[in-house]
Amino acid sequence: MSDKITNILLVGVGGQGILLAAEILSETFMLAGFDVKKSEIHGMSQRGGSVVSHVRYGKQVFSPMVPEGEGDILFGFELMESYRYLSLLRPGGTVVVNDLCIAPPAVLNGQEKYPEGLAAKITQRFPDSLLVDGQKLAVEAGNARAANTVLLGAVSKRLDIEEKYWLQAIEKMVPKKALDVNFKAFALGRSLA
Amino acid sequence: MKEILSGNEAIARGAYEAGVKVACAYPGTPSTEILENTIRYQEIDSSWATNEKVALEVGIGASFVGARSLVTMKHVGVNVAADPLFTLSYTGVNGGLVLVCADDPELHSSQNEQDSRNYAKSAKIPMLEPSDSQECLEFTKLAFELSEKYDTPVMLRTTTRISHSKSVVELGERVADLPAPKVAKNPAKFVMLPGNARARHYIVEDRTDQLSKDGCSMPINRVEMRDTKMGVITAGISYQHVREALPEACVLKLGMVHPLPFELIRDFASKVEKLYVVEELDPVIEEQVKAAGIQVIGKEIISICGELTPGRVRKAFGLPGNEQSAVEKLPGRPPNMCPGCPHRGIFYTLNRLKAYVSGDIGCYTLGFMPPLSAMDTCICMGASIGMATGAVKVLPEEERKKVVAVIGDSTFLHTGINGLMDMVYNKGAATVIILDNRITAMTGRQENPGSGHTLMNDPANAVDFVMLCKAIGVKHVRTINPLDLKECKQVISEEMERPETSVIITDKPCVLIKREGVFKPGKTLAVDCEKCIGCKVCLKIGCPAIEWVPASGGKGKAHIDPLLCNGCDVCRQLCNFSAIQEAK
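Protein sequence lines correspond, in order, to chains A and B. Heads up: the first sequence begins at 1 in our numbering, then just goes up one per residue. Heads up: the second sequence begins at 1 in our numbering, then just goes up one per residue.
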């Protein structure tokens with residue numbers, strides 16, 4: 001095993017299921033035999049605030065926080081939050097982002113505008129970006145609520161971890177009755193280029 | 001067996017393995033999940049106390065009759081529990097007692113950034129500080145052993161990045177052969193009257209000296225020799241950042257941050273060319289090392305404010321970082337009250353009535369945010385009522401009427417009730433609103449003595465707030481539906497006029513309560529675009545379900561997201577054009 005640490009940042013809006021996605025990532029890496037650390041802030045996350053979760057894996061991980069500007073992958077659940085945290089990525093890093101806009105309070109009440117063209121701006125700064133219509137593919141898999149698993153599938157393609165570990169982690173973390181839909185959603189995400 | 005656990009989960013597991021019989025706490029971020037995990041173990045009696053002082057007293061009671069007990073709280077909770085804590089240091093324990101205090105550098109969800117290590121030092125209590133989840137488990141077990149070996153309570157300090165970070169943990173078994181609890185009479189040790197306490201103080205000082213000496217050979221105080229040009233003394237999460245940012249540096253990793261192992265520090269200092277202390281918040285280690293006559297660099301380069309990160313440690317040592325340029329300023333995304341939250345109508349009304357709102361700690365503190373903008377103070381748990389009393393004492397008559405204290409059900413039972421007794425007793429003339437949403441919501445929906453259930457989910461007595469207030473002597477106690485704006489305005493304005501103490505109790509539950517039948521959503525609402533004239537009145541309540549849709553050329557319209565709307569009806573009452581109706 002090399003000493004290389006892989007750094008992943010999950011960003012989005014409180015209530016989107018980011019913490020569960022981060023749990024599945026961490027579980028996968030542990031099953032694959034790596035040391036894993038994960039860090040995030042609870043408390044306000046259920047009230048629609050901005051959420052960042054750090055997941056790091058490798059032979060031995062020290063800090064649970066991704067050092068500033070050293071993220072390898074930004075796993076975005078919402079466009080503006082993904083754009084907001086681009087500076088956490090290293091130059092040449094990878095972005096997998098859900099094609100979804102959630103208006104923050106100042107936009108909801110008409111005081112500010114939701115910025116336009118964010119997907120293009122993200123791709124301009126990080127050419128290795130993938131925009132995923134998580135909602136649409138989740139519906140295709142059988143349930144709109146499996147959008148996060150679609151995204152997880154897309155992220156999994158960009159990491160050198162055997163597929164069986166991903167499936168084992170999903171099996172452990174997702175309720176049994178939702179497993180089939182989630183496996184389908186994961187496969188759809190993983191099939192994206 | 002290996003599992004990925006958060007620091008809080010690992011502490012709960014450590015308590016289980018240590019044979020803990022009683023765990024007690026008041027919820028507070030980032031400590032809450034410890035007790036939410038001790039309930040997984042049938043062998044532990046886990047309970048929410050009304051406040052941190054009571055939680056510690058429950059723990060002390062169990063310890064004095066011989067059980068190992070765990071008490072947990074956030075950093076500011078230790079302020080509430082400080083009274084028993086300082087004297088507990090004198091009595092020592094019978095069964096081991098460990099107090100976990102979770103600090104919050106960077107104030108992710110707190111009102112201040114105090115450093116609990118100062119408490120360990122001033123209360124003369126040993127303190128351990130883990131640096132990952134494995135250590136959370138091991139140090140919890142060790143803390144109980146030290147507690148009994150040295151006859152002292154032990155504090156275990158975490159920070160947000162320890163409590164809420166997850167890492168891989170190897171689990172162990174629960175100890176089996178602990179003595180059964182029984183009454184133990186020992187007045188000289190347990191009755192802290194001056195004559196007894198005077199003698200105990202000498203024991204406390206000897207104990208601290210002994211721990212400082214023994215700490216030099218404890219494996220949790222560990223020297224890691226590498227390049228001797230630089231030596232760093234560090235502990236807790238800072239250790240991880242140091243290893244990340246300064247991989248070549250020699251490190252003295254302290255697992256016990258009070259008392260310090262001075263001989264070990266002196267020896268480490270002699271082996272390195274330049275000595276540093278890297279610690280978050282106060283220079284607790286640094287000042288003691290300097291006072292021992294050892295030259296060291298600390299707060300000269302490390303900020304006293306905020307948490308550390310790998311990048312901040314690098315920057316402090318003048319090393320190049322990898323910080324990338326930030327993107328342009330974007331609309332912020334602060335947390336918000338939920339759609340249908342029963343607090344929203346109250347704060348809208350207080351805003352309209354131009355009240356001076358003495359605030360408190362809970363979800364409703366978000367009433368401070370625009371557009372509600374109806375909270376003027378927030379200090380600590382329970383402070384709203386006493387502060388209202390104080391303001392009314394000195395304000396001119398016209399302004400006196402504007403003073404309204406708002407406090408949640410759990411916060412009222414925590415320490416607000418004392419303020420209310422004082423207000424009645426001393427003839428304070430403010431209006432107090434108890435926002436009873438039947439749950440401790442902000443920390444993630446914990447039960448409390450008003451909710452009718454215990455932490456173990458057993459049915460329990462629910463405090464009757466009306467009878468309680470009347471028993472205290474409040475003559476004017478009224479209950480209102482916080483989702484009825486007309487009623488809110490009428491009742492609150494009437495009570496604000498009254499030159500006596502009055503209490504208004506709201507009676508709608510939190511929308512996030514999962515227990516069946518408690519929260520009943522109303523019919524989803526929708527905006528009739530034909531009738532909406534774009535006046536924006538409905539936007540003044542800041543509901544996340546209502547969105548302003550600008551129109552090119554025209555004025556724009558409001559839109560209600562049917563997936564988010566809980567049908568609370570507050571926006572419909574605001575609309576003067578009947579444009580908001582039940583969705584078809």
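Among the hints, erroneous ones may be present.
Stated by the list, open to error - Lysine to aspartate or glutamate pairs mimicking EDC-like chemistry, simulated, CA-CA at most 16 Å apart:
(1) A:113 x B:328
(2) B:21 x B:45
(3) B:315 x A:68
These are calculated hints, taken from the structure and not from any lab test.
Hint-by-hint comparison with the structure:
no. : hint          : result
1   : A:113 x B:328 : holds (14 Å)
2   : B:21 x B:45   : holds (6 Å)
3   : B:315 x A:68  : holds (11 Å)
Every hint, counting from the list given before, is met by this structure.
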